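Student: Below, each chain spelled out in residue letters.
2 protein chains.
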Amino acid sequence: MTDRIECDYLIETPIDPARAAEVMAGEQSSGTFVALPGETAALRDRAAARVERLEEEAPARQPSLPCVMADRGQGYRRARLTLSWPLENIGPDLPNLMVTLAGNLFELREFSGLRVEDIRLPPGFAAAGPGPRFGADGTKRLCGIGAGPVIGTIVKPSVGLSPDETAALAGDLAAAGIDFIKDDELQANGPACPFGDRVRAVLSVLDAHAHRTGKRVMYAANLTGEIDDMRRRHDMVRDLGGTCVMVSLNSVGLSGFLALARHSELPIHAHRNGWGALSRAPLLGWSYPAWSKLWRLAGADHMHVNGLSNKFSESDESVIASARSLGEPLFAEKPCRAMPVFSSGQTAVQAADTYRKLGSADCLHAAGGGIMGHPDGPAAGVRSLREAWEAAMAGVPAEDYARDHPALAAALRRFR
Amino acid sequence: MTDRIECDYLIETPIDPARAAEVMAGEQSSGTFVALPGETAALRDRAAARVERLEEEAPARQPSLPCVMADRGQGYRRARLTLSWPLENIGPDLPNLMVTLAGNLFELREFSGLRVEDIRLPPGFAAAGPGPRFGADGTKRLCGIGAGPVIGTIVKPSVGLSPDETAALAGDLAAAGIDFIKDDELQANGPACPFGDRVRAVLSVLDAHAHRTGKRVMYAANLTGEIDDMRRRHDMVRDLGGTCVMVSLNSVGLSGFLALARHSELPIHAHRNGWGALSRAPLLGWSYPAWSKLWRLAGADHMHVNGLSNKFSESDESVIASARSLGEPLFAEKPCRAMPVFSSGQTAVQAADTYRKLGSADCLHAAGGGIMGHPDGPAAGVRSLREAWEAAMAGVPAEDYARDHPALAAALRRFR
Chain S
1 MTDRIECDYL
11 IETPIDPARA
21 AEVMAGEQSS
31 GTFVALPGET
41 AALRDRAAAR
51 VERLEEEAPA
61 RQPSLPCVMA
71 DRGQGYRRAR
81 LTLSWPLENI
91 GPDLPNLMVT
101 LAGNLFELRE
111 FSGLRVEDIR
121 LPPGFAAAGP
131 GPRFGADGTK
141 RLCGIGAGPV
151 IGTIVKPSVG
161 LSPDETAALA
171 GDLAAAGIDF
181 IKDDELQANG
191 PACPFGDRVR
201 AVLSVLDAHA
211 HRTGKRVMYA
221 ANLTGEIDDM
231 RRRHDMVRDL
241 GGTCVMVSLN
251 SVGLSGFLAL
261 ARHSELPIHA
271 HRNGWGALSR
281 APLLGWSYPA
291 WSKLWRLAGA
301 DHMHVNGLSN
311 KFSESDESVI
321 ASARSLGEPL
331 FAEKPCRAMP
341 VFSSGQTAVQ
351 AADTYRKLGS
361 ADCLHAAGGG
371 IMGHPDGPAA
381 GVRSLREAWE
391 AAMAGVPAED
401 YARDHPALAA
411 ALRRFR
Chain V
1 MTDRIECDYL
11 IETPIDPARA
21 AEVMAGEQSS
31 GTFVALPGET
41 AALRDRAAAR
51 VERLEEEAPA
61 RQPSLPCVMA
71 DRGQGYRRAR
81 LTLSWPLENI
91 GPDLPNLMVT
101 LAGNLFELRE
111 FSGLRVEDIR
121 LPPGFAAAGP
131 GPRFGADGTK
141 RLCGIGAGPV
151 IGTIVKPSVG
161 LSPDETAALA
171 GDLAAAGIDF
181 IKDDELQANG
191 PACPFGDRVR
201 AVLSVLDAHA
211 HRTGKRVMYA
221 ANLTGEIDDM
231 RRRHDMVRDL
241 GGTCVMVSLN
251 SVGLSGFLAL
261 ARHSELPIHA
271 HRNGWGALSR
281 APLLGWSYPA
291 WSKLWRLAGA
301 DHMHVNGLSN
311 KFSESDESVI
321 ASARSLGEPL
331 FAEKPCRAMP
341 VFSSGQTAVQ
351 AADTYRKLGS
361 ADCLHAAGGG
371 IMGHPDGPAA
381 GVRSLREAWE
391 AAMAGVPAED
401 YARDHPALAA
411 ALRRFR
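Protein chains in written order, with our numbering: chain S, 1 to 416; chain V, 1 to 416.
One chain only, chain S, in its complex shape (with noise of 0.2 Å):
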């Protein structure tokens, strides 16, 4: 057992690979581009970053980012490394580990391309976050499931809706059996549908729902803001009988979702809108398995991945692979095991292709058109999400489950 941290690489160079993983190397522990009296060799033991494995792939002809320095006459070459620092440099500490593993490098010279693939942190690093507290299971047993995944959906407009209006439509949703309600992540706390009338609001639609039925819907009520304001938000929520929060993780940072995870005491929904903005180019920032391990860490319970045919530019490849890093243990003794969001263009048409290449029910199916623009309405939509997903885990294709189920009948005929 190392007790080193680890970080794997993909990166794109005019130079040697060997001597471009040495540079980076450098700059992100005890290196100095001019040598100083300081950097002795006992201080390299202790402190600088080490070169674990460099494997050199094909060359690119032409540089992926824009790159001061040319190439030698063999292309940008592209390989895959992983670098590793002693624990002592910075301790269990997320904010940090996201400065040495993800820091000055970006910018450097020697590089027309580099990216985080993934992060292995050794067990003394557990201690950096709590960790979700609900996951999958814990939001599944709040919301009252047993097998199968969680249906949910997203308040539509995403903003504009007055606090009333919201829970009118909160109301209509949980009547057509939804599990799961989020606000917008467009909707926190406007002056036009302020966070505590909102909530106030959408909480007593859903309990006077779930004193009628025995179902209690959960509601993710996005508090994104300052951190005050997000723990006074949160125990509102709790007071009035919520079950669920949600925030924008890259507006928050990490020092400021770790000041809402240590202090929540409900499952935290994690909205990653911005992740565009790292991830789109495909040598630069960090690829979703291991950015999404800093905020599992840090307490998110549930995690966006996209979904399946989506209205963005992701392929159904990565959001696959994003959901199912999110079951992959951290550590041996706290996996910190996210629950994945499928969300953007749903429709009962993907549960089947969801539930096997996630080889699991334990997530959570967001639609929006595809409940609300059912034919026959939400409650048909809910039910026929509901419906593909049992023919999903009872391995009966959606077309013969369809024969005697209509939602799911007219879902396919609508939505496919």
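Bear in mind the hints are in silico, worked out from the structure with no lab data behind them. Being a predicted model, the structure only gives us computed values, none of them experimental. Accuracy of the hints is not assured; some may be wrong.
For identical chains, the list gives no copy identity; a pair is met inside one copy or between any two copies.
[Claimed, not checked] SDA-like cross-link-like pairs, simulated, lysine to any residue; straight-line CA separation at most 20 Å: (1) Lys357 to Leu240; (2) Lys334 to Glu265; (3) Lys357 to Ser318; (4) Lys334 to Arg120.
Since the structure of chain S is provided, determine the placement of chain V on it from the hints.
Tutor: Chain V in isolation, oriented as in the chain S frame:
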């Protein structure tokens, strides 16, 4: 005077840019991919984002980012456009501003490039953050500097020195006449050099120096970490007579930073490490002038902008545009000017151009090798930087000034 938030983007799209702009506006406000009964005309009037301007530029033949949509025979069309939102959608709220301006839209399939270029905020938004409390003026006052820049340096090796070794180095640098010393961003609170031990050791040495010489060297102590730790560390620095704290912006996030900034009584040295991931792909992410506005309003006093002829991949033109933008007022009544920090491969050589292109000496000029690597030692290194700025501000070519300023003369010989 408008009460709308405006954001300028550079986009690249396989479809008609006017249509692509509508998709962006819809995604980031009240639009949905299936028409919904709740999306009334009144709601759109109230909440929809508007396309204010659109100017097409020459198209690209190849998509800048992988794009699932093919072009329609006209290449990947580029345009500069402005969207606007009513302040009522989010209120004066920085974390949620980021969601609205730069959330899901980077992932939209209709784009092969999308970059935030600039932001304009209505006066009502000024309440969203405290703004810098010190900026260049307050910092120079605390450093006892009249005309000329703050001459600074960074503790190197970045990581690996013990608290006492760091303090000894700080003492040497103080003796060399430096104005400002900062921790490296890799050094925060690692077990090998805990924050408290380091700060006590360094400030004790600098305090003794101040009593001896009357000059108080500013030490930017890197307190990056979780919120409550950062606040406690700030108080420790303040109580020990320290005059600055440093934080890594991308690690703590906007909410994390605001929690520190609202609490802080000291100038905040804001480090942008990780910035490359948001900026190195030319058609993805953020321009620095736009991105830094969020942090200026949030309270950043010193902001890193790289340096001329730096060791990274940024052009001089971009460095200067970044630095100058920090002086442009955010609001007429609350300009939120931050002090630019020039660093990376800096020596006396770059002073003249930096002064000329910035149009001011209200900056921090930080050199590592340019001080420690000076042929006549660190004191001559500091002196060479001061002399280079004196020459620049007097309109005298460095070579001329160097005739009776040997430290500058030696620096020009070594570093040019």
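Student: Look at each hint and say if it fits the structure.
Tutor: Verification of the hints:
1. Taking CA atoms no more than 20 Å apart as the test, Lys357 paired with Leu240 passes in neither setting, with 38 Å inside one copy and 57 Å between copies.
2. In this homomeric assembly, Lys334 and Glu265 come within 20 Å of each other (Cα to Cα) only inside a single copy, at 18 Å, whereas the closest approach across copies is 39 Å.
3. Taking identical chains as interchangeable, the C-alpha atoms of Lys357 and Ser318 lie at most 20 Å apart only when both belong to the same chain, with a minimum of 11 Å there against 45 Å between chains.
4. Taking the shortest Cα distances, Lys334 and Arg120 sit within 20 Å of each other inside one copy (13 Å), while across copies they are farther apart (45 Å).
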